[in-house]
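Student: For this one, chain A is given, so just place chain B on it according to the hints.
Protein chains: 2
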Amino acid sequence: MEAEIITIGDELLIGQTVDTNSAYLGQKLGSIGISISRKTAIRDNESAILQAIAESQSRCNILIVTGGLGPTKDDITKKTLCKYFSCGYRRDDSVIEHLEKIFAQRGRQLLDINLVQADLPEACVTLHNAVGTAPGMWFHQNNKILISLPGVPVEVYHLIEERVLPKLRETLELPIVEHRTLVTLQKAESLLSKDLEEFEKALPKSLSLAYLPNFNMVKLRLSQKANSTAELIIDEYFEKLIATIHNDVFCLGDKDPATHLSEYLIQEGITFTSAESCTGGFIANRLMQTPGISSVFPGSIVCYSNDVKISELGVDPAIITEFGAVSEPCAVAMSKGVRAKFNTQLSIATTGIAGPDGGSKEKPVGLVYIAVSTETQTLCKKFRLFGNREQIIQRSSNAAIWMVKQVLTIPL
Amino acid sequence: MEAEIITIGDELLIGQTVDTNSAYLGQKLGSIGISISRKTAIRDNESAILQAIAESQSRCNILIVTGGLGPTKDDITKKTLCKYFSCGYRRDDSVIEHLEKIFAQRGRQLLDINLVQADLPEACVTLHNAVGTAPGMWFHQNNKILISLPGVPVEVYHLIEERVLPKLRETLELPIVEHRTLVTLQKAESLLSKDLEEFEKALPKSLSLAYLPNFNMVKLRLSQKANSTAELIIDEYFEKLIATIHNDVFCLGDKDPATHLSEYLIQEGITFTSAESCTGGFIANRLMQTPGISSVFPGSIVCYSNDVKISELGVDPAIITEFGAVSEPCAVAMSKGVRAKFNTQLSIATTGIAGPDGGSKEKPVGLVYIAVSTETQTLCKKFRLFGNREQIIQRSSNAAIWMVKQVLTIPL
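As they're listed, the protein sequences go chains A and B. Residue numbers 8 to 419, in the numbering used here, belong to the letters of the first sequence in order. Residue numbers 8 to 419, in the numbering used here, belong to the letters of the second sequence in order.
Next up, chain A with everything else stripped away, as it sits in the complex (with noise of 0.2 angstroms):
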């Protein structure tokens, strides 16, 4: 089964917002075995959103939209959905009692604008939205679905969740689509790819694998589609990918590695902490993103200024004079005194040159020093890095969470 998103609004095509909800979409429809064929963005323009939903009806039979549903003018997308199904709008009262209920609790005034949002096409049947004030919108006909979302992250995560999926399930008989992923780190995609020549030559045809890079970390996405369970074999051929590259994946499953190290570190009780020169704290920051992470992790230092360095995380100022604070003893240094001020089981800690500026010919932009320290071992990393400021940063974070699994036993 086949499905289109429409996006509506120019800040998507003009650049000043990233489209983080068609990413939401494909993986949550994915799960239920509806792949998305086609997602197309489009303006705040009447004729051009009544020209990409009859395309795109014409095409496949379930359309979603996202956007143009906030309460300003640029919004248009509930009048254009009106004449599309060419009828009124109705006012819905479950909407007005719930949106004076939101606006009482964020201590709002309720305007007329607001109320807007309340009267919906007479074609729709009302999508309940408990986290906003745009309610989504399912329309039915000619055997064609047509979901019409806000365009608010959090909003359209809601509704897809809670009212989307269930209602898509309960309607249609959908086939079986199903991927398993699992991510490596700090290994080119070309390398894995000669690796896994047989693997993939081998690949029976519902099946199929797609290498999906990102920084020094490729995920790798193994599919099939099927009629029925019982001709699901994606399971066995995943295993025997995982034997193929044993040693260079870092995890199973469509997840960020950070998650994974931070999951894990909960779930054993292994404390933690990092002293972060040129990733200012990017690396504890990915990390402390996992719920539950308090219980292991005290607290951290950026530490920028050489100063700091020696104050706080007691680096003798000798090193730093003799070896400079990018260097292999000044990362060891840090990684142990971090983990001494904070009383933790394990520590991470960079020096480093992110630029754009601060490089010599000695020392270049991109030359990272990580140092991984525990109780009973410390291992130190030399990384020449490439990219700009942010992409130097975000490797090093990849590069540190690969190391400590060089240290510790982390299962996939």
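Honestly, the hints are just simulated from the structure, not real lab data. These numbers come from a predicted model, not from an experiment. One or more of the hints may lead you astray.
A pair counts as met if it fits within one copy or between any two copies, since identical chains are not told apart.
[To be verified] Derived BS3-like pairs (lysine-lysine); straight-line CA-CA distance at most 30 angstroms: (1) Lys-389 to Lys-212; (2) Lys-85 to Lys-343; (3) Lys-90 to Lys-194; (4) Lys-108 to Lys-389; (5) Lys-194 to Lys-389.
Tutor: Frame of chain A, contents of chain B only:
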């Protein structure tokens, strides 16, 4: 002048990759007067690619295709472009030379699979990619321009800046499109819209105003399209816009408010630090993304545990016993403690409940205290933020940045 974008890749449709290239392309083309009228994401599939290209070329004269140029098997763009333009391959020696250089630099082995990247459709002009392995391609036939770029963001940025924009400027006569953007913090879209009702009514037809909300930030973008610079009246109206909502404007330009704040601190030499509990270093991390920040930012502390708040920041244990860690007195003590510790002029402290766990009736998820401290004053505010963990952290960081402006006079 209008252009369309086609992004190729199952990973975009299935939702494993968020498409950040399109937003970038929208901005950059917009800056030279080319507006994106449509953006289509399609599969790694020959017939889908051929169909989408033909449709796009029937609608407009400029098409940018991204993705599908990597070294692995799931990339089929190049083959399809040969088919579309009815041509064969040519091997480009300049690309071979570049590949040899880049692989030697990265210390990686050049494989046959990589050399394939030098085989290009005969119909294209090569766009040299200095930062990656896949060159861009420029096709110009029957008054239609088709530009094919790899999907890796850093390579797209490079190719657009260095190759595509100059070549488009050279080839086309472009109209003028101007945008002026400003950023507001901590004011709801509907309230701004109410304040701007008269302003919007009085806007001449060539001008338009868009609201771009994101967390507790709303960007306002005023646009004008004109045939000559003489017709441009956008600056006059932008001044009126600023004057109308003066107290709510944080900064001018399409700018991250964190960048605006960092740049101000760097320029004025105002040293700062942070002590972050519930935001886990996210605020420092946003601020440190600005190059040169190390001159005013010695370092900072993430202090999840009460122990760290006491031992590192000198928070009186009695404060935590009496008021709890999530309280105004604790936030104030943290902000003073961290400022003293790092000897800075400014500090930001956060303590709150980001969730999803840890909330109670008295102290629910979303309750956050933020304190900003300087040598002469300390401001502390209580916030009730909504959303999930990530959103509460995002909103807290915007609130903290906004608070700094309540304490320091930061120009727009």
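Student: Could you run down the list of hints and mark each one as holding or not?
Tutor: Cross-check of the supplied hints:
1. Taking identical chains as interchangeable, the C-alpha atoms of Lys-389 and Lys-212 are never at most 30 angstroms apart, the minima being 43 angstroms within one chain and 59 angstroms between chains.
2. For the homomeric pair Lys-85 and Lys-343, neither the shortest alpha-carbon distance inside one copy (60 angstroms) nor that between copies (51 angstroms) is at most 30 angstroms.
3. For a Cα distance limit of 30 angstroms, the shortest separation of Lys-90 from Lys-194 qualifies neither inside one copy, at 53 angstroms, nor across copies, at 33 angstroms.
4. For the identical chains of this complex, Lys-108 and Lys-389 are inter-copy neighbours only, at 22 angstroms across copies versus 56 angstroms inside a copy, given an alpha-carbon limit of 30 angstroms.
5. Only within a single protomer do Lys-194 and Lys-389 lie at most 30 angstroms apart by alpha-carbon distance; the minimum there is 16 angstroms, versus 46 angstroms between protomers.
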